[in-house]
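> As a plain string of letters, each chain reads:
2 protein chains.
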Amino acid sequence: MHQLPKVPATEVENRINKFQKTLQQFELDGALITQNVDIYYLTGSMQNGVLFVPASGQPRFYVKKSVSRAEVEASVPVEAMGRIKELGKKIQSRFGQVKKIGIEMDVLPYGLAIRYLSMFPDGEPVDISFPLRLQRAVKSDYELEQLRVAASRVNEIVALLPEIIRPGMSEAELAAKIEYKLHLHGNPGIYRMRGYNQELSLGVVASGSAAATPTYFDGPAGGLGLTTASPQGASHETIAAGEPILVDISMVNEGYIVDQTRIAVIGELDQELESAYELTRKILKEAETMGKPGVPWKFLYARALEMVEEAGLTEHFMGYGQDRAKFLGHGVGLEFDELPVLATAFDQPLETGMVIAIEPKFTFPGRGVVGIENTYLVTENGLEPITFASEELIRIPAG
Amino acid sequence: MHQLPKVPATEVENRINKFQKTLQQFELDGALITQNVDIYYLTGSMQNGVLFVPASGQPRFYVKKSVSRAEVEASVPVEAMGRIKELGKKIQSRFGQVKKIGIEMDVLPYGLAIRYLSMFPDGEPVDISFPLRLQRAVKSDYELEQLRVAASRVNEIVALLPEIIRPGMSEAELAAKIEYKLHLHGNPGIYRMRGYNQELSLGVVASGSAAATPTYFDGPAGGLGLTTASPQGASHETIAAGEPILVDISMVNEGYIVDQTRIAVIGELDQELESAYELTRKILKEAETMGKPGVPWKFLYARALEMVEEAGLTEHFMGYGQDRAKFLGHGVGLEFDELPVLATAFDQPLETGMVIAIEPKFTFPGRGVVGIENTYLVTENGLEPITFASEELIRIPAG
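Residue numbers (the numbering used here), protein chains in the order written: chain A, 1 to 399; chain B, 1 to 399.
Just so you know, these hints were derived from the structure itself, not from any lab.
A couple of the hints might just be wrong.
As the list claims (entries may be wrong) - Calculated from the model, a selection of chain A residues having no Cβ within reach of chain B, i.e. all distances over 12 Å: (1) 109; (2) 115; (3) 186; (4) 235; (5) 295.
To be verified - No more than 25 Å apart at the CA atoms, straight line, and that leaves these computed lysine to any residue pairs for SDA-like: (6) A:326 with B:115; (7) A:90 with A:148; (8) B:64 with A:90; (9) B:177 with A:127; (10) B:177 with B:377.
All residues carry an ideal CB built from backbone N, CA and C; glycine is no exception.
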């Protein structure tokens, strides 16, 4: 069938074992996993189907398409799915009656959930998404390796920026050139997001007032975008000297996403914006020290808010005014919007092995966005950077 | 805020009026529209929020982010959304008690649906997706104009293929070069799909045996892909002389997607594959004549199956063996997987103004995929092509 690298079988086995402990803890008979990314995480294959994970014993991947490809890729047993009615019978004859069943309530569409749940007439659905996402937040050595390769690719892009960026080019042209280089490195161009209606293309490559345009995207920088039908990120606006050029880009390697932001400027940056940029670097350093196992996620956000308030920049932090995003960072991995979320509502503690993109940014309407972002690994000694491009402003001669 | 082109206000008004007729026909008090594409279609804005459309009277767009941007883009009244509890009160104090409510059951996640429905304690949910998608299937002059611009961009790519394709380049490199050119034309790189777990990056640019690798994607050609985490489309395999190079690409303009497939070959194509390609052209011509208002969608697929069976190629049609897709074409518009679907289960009639991508293809395992695809408009005289690149095999000298 094919010779593509596979997720190691031991990796899949460890993931299933850990997930089954959660199922036991929640006193579930099993979980019906339906989302492509969760299925990939728990089987090693992203073929189309559903995965039944019993509280103990071997899971089974019921595949619609392609069965033959799933057989090659998955490290769990594969069977043709058939119709939903038949599937219910297959599952219960193999695994017994299912009374309490985990489903992914944050992603599984309502209509499909009703149909799947009809397979278990006495089954009570329980939302299993948060615990599964919490498990996925802690990365294995295999996963870290994939992220480190992705980080080296975005570093290469930053090194090339001085020769790519030219006054008078459009944001879209700059974004296209960056994406082209990432594609040649094997970036598939799909940046998976779990959040309903959230989507991302490359990231936010934008400058000046266009970068400061607010938008629907739940992040600290929006961007004007190309059209009202794609209202975020790069636009057709021209990049001019003296304005901050936001290069917030992602690279995907073997499914794993890293996220990194750097700022470039043609000529000189306005002193106020440069000071704000320096403050984002300080916020990042503070987070690096604070980010140890056991520290609640919300503490890093709270500390950043303190530093921003001291500087009198609260209205500009993570967007402007009403359009501010209310977080400092987000987990990355197979999805762009993973746990942890560094935000007020989250009391959960950081754990060794979690991977977080931390992205303090300031928006100045009409002038631009400045900020920085690294993807980090949580270790006993604090946050260890996975992305490693130079954090200095990238200065491009005006002439 | 910004000067981007807007969806004309009369366009939005017509769409709302038509949708309200459906709500009345279904005896609904209103519909709560939550999906970004449906919201864009019915308001002109893709900002994050929910749209309440009463059975009659003015709809209201409750926006989370960005309210200020939605006010500029939307042609319906905008209000800050607030928390879900407050939203329920706001809606019922403005629109009265809601007893029967339309929701998009095919896309709205289960957990979110439960929360939204809790706003209407006596409300009975009804799936409004299919009728809304049916309405969206029929395009206005404004929408056709956007599609025609997109078609001219994919035509330009086909014209460039003889100078882009070189023996020994990888599929990924070819895909990257094509995508780069489309990006410069304003392609945002997001190809929206409505189907759960379905996703697309550019299309399928693949050759030889890699193109014939089956995958999860619900289409006639899969492709090996770059990794098991992105198992479709272009791979790192090398393009060799004598094998069919499938260039199945999409371009998005103002949110509207066209889909087109052409085949290139370096040197000479195997006679059996070339004959199969000629048969796909004949199937397309037959569909062009048959595709008139009133004809059931399934008839076009049934006729194609007949022609394929006469040629003894049934096992190869729209994928191979167990991995065949069971349709001939699909609607395109703001989403890649719109109505109509030309498949056995669909008795619905074609209507003037529907736009369909028709894509007969044959898969030969180990050898490649051949086929053709145009995006068409349904007219009284049959299907009128919107994509218009030459349908001849693109022959590239081997030396």
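> Is it true that the CA of residue 177 (chain B) sits at most 25 Å from the CA of residue 127 (chain A)?
Roughly 43 Å separates the two Cα atoms, so the pair is violated.
> Over 12 Å to the closest beta carbon of chain B is the bar; see if residue 235 (chain A) clears it.
The assertion about residue 235 (chain A) is violated, with a minimum of 8 Å to chain B.
> Find the nearest Cβ of chain B to the Cβ of residue 295 (chain A) and say whether that gap is larger than 12 Å.
holds, 28 Å
> Going straight from one Cα to the other, do residue 64 (chain B) and residue 90 (chain A) come out at no more than 25 Å?
Given that 25 Å is the threshold and the Cα spacing comes to 43 Å, the pair is violated.
> Holds or violated: are the alpha carbons of residue 326 (chain A) and residue 115 (chain B) at most 25 Å from each other?
Holds, at roughly 22 Å.
> Are all beta-carbon distances from residue 109 (chain A) to chain B longer than 12 Å?
The assertion about residue 109 (chain A) is violated, with a minimum of 6 Å to chain B.
> Is the nearest CB of chain B more than 12 Å from the CB of residue 115 (chain A)?
violated, 10 Å
> For the pair supplied as a hint, residue 177 (chain B) and residue 377 (chain B), is the alpha-carbon distance within the 25 Å limit?
Roughly 29 Å between the alpha carbons, so the hint for residue 177 (chain B) and residue 377 (chain B) is violated.
> Beyond 12 Å from every chain B Cβ: check whether that's true for residue 186 (chain A).
violated, 5 Å
> Just to be careful, I want the Cα atoms of residue 90 (chain A) and residue 148 (chain A) compared with a cutoff of 25 Å; is the pair within it?
Judged against 25 Å, a Cα distance of about 41 Å means the pair is violated.
Hint violations for this structure: numbers 1, 2, 3, 4, 7, 8, 9 and 10, all remaining hints satisfied.
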